[in-house]
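Peer 1: Sequence:
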Amino acid sequence: MSSLDPVVLFFILGALAGLARSDLRLPSAIYEFVTMLLLLAIGLKGGVELSRQPLSELAPQMLAVVAMGLLLPLLAYPVLYYIGRLQRADAASIAAHYGSVSVGTYAVVVAYLGSRSIVYEEYMPVFVVLLEMPAIVVGIVLARGWAASHQWRHLAREMFLGKGVVLLSGGLLIGWIAGVDGVQPIGPLFFDLFKGILALFLLEMGLITVSQLGGLRRSGVFLVTFAVVFPLVAATLGGALGWLLGLSAGGTIVLATLAASASYIAVPAAMRMSVPEANPSLSLAAALGVTFPFNIIVGIPLYHSVVARIHATGT
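In terms of our numbering, the sequence shown is numbered consecutively and its last residue is 417.
In short, the hints are calculated from the structure, not lab data.
Just so it is clear, CB atoms sit at the ideal spot from N, CA and C, and this is done for glycine as well.
Hints may be right or wrong, so weigh each one.
Stated by the list, open to error - Have a look at the derived ranges for each label pair, beta carbon to beta carbon: (1) V221 with P378: 40 to 50 Å; (2) S158 with I132: 35 to 45 Å; (3) A122 with L165: 32 to 42 Å; (4) L275 with L347: 20 to 30 Å; (5) A342 with R123: 36 to 46 Å.
Work out the full structure: start from the sequences and follow the hints.
Peer 2: What follows is the structure in structure tokens.
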């Protein structure tokens, strides 16, 4: 237990409190505020680094990451539909969740690397923003086909103007425009307190995770197995892509973690609007009840270990 990062211990505290049916709860306004700070901090840090990078050099990496975001739900869907025998809408919705990313998981892997002084490409938040959207489009096409084209205008609003995307991309833009010197005055709030903000966020996420366990009991062994095995497959693809793109060991760990994560903010909102017949409890139970805790407790150290060995051998 002592080897776990303190922020992960906050998550475990929240989960244990939830299992014990404690009345512990972060006030909703505080949780919203903490989430906003977290998203803005991630965006700002990425934007500052982006201001140092020629966009022409990043373009190939950005296109490759978008391609991965399109591929992952296409891999998940047949497993869910044909092997899991889920309804088409449910399979498409879950596939979209697993093709997108978890900002909370990204924040944890960044804190994990920082506590171990492992460097990574600081423009990774660009990839977080890019990976939020492709899976949503693929999920809707899988559920409805292109016949749902009359909904694209409303869907575009949800994808580009949803709170999470606005805060991430807005922070990215502000950091890019302001640069290193410009963001220094607000650094104490968004950067110095980042791990404290993340700890409070994970405390609440532990409580929320426990609330989703009922959905897992109803959905059976298959979904639990999928929620562990598919992230491992996705992490392998993300790690391989990071290696092919020439990312550092830290950057490869981050990309593997992003691929392994599952959305629980942007995608649920989009699916609720565009595929209302899908059962949201299945997606959230898998993403929050299994994949999120698996990644932050087991997955990230595992991805680190594998990537470190590969980089050490130079293969």
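Peer 1: Hint by hint, say whether it matches the structure.
Peer 2: Here's how the hints hold up against the structure:
no.: 1; hint: V221 with P378: 40 to 50 Å; result: holds, 44 Å
no.: 2; hint: S158 with I132: 35 to 45 Å; result: holds, 42 Å
no.: 3; hint: A122 with L165: 32 to 42 Å; result: violated, 48 Å
no.: 4; hint: L275 with L347: 20 to 30 Å; result: holds, 24 Å
no.: 5; hint: A342 with R123: 36 to 46 Å; result: holds, 43 Å
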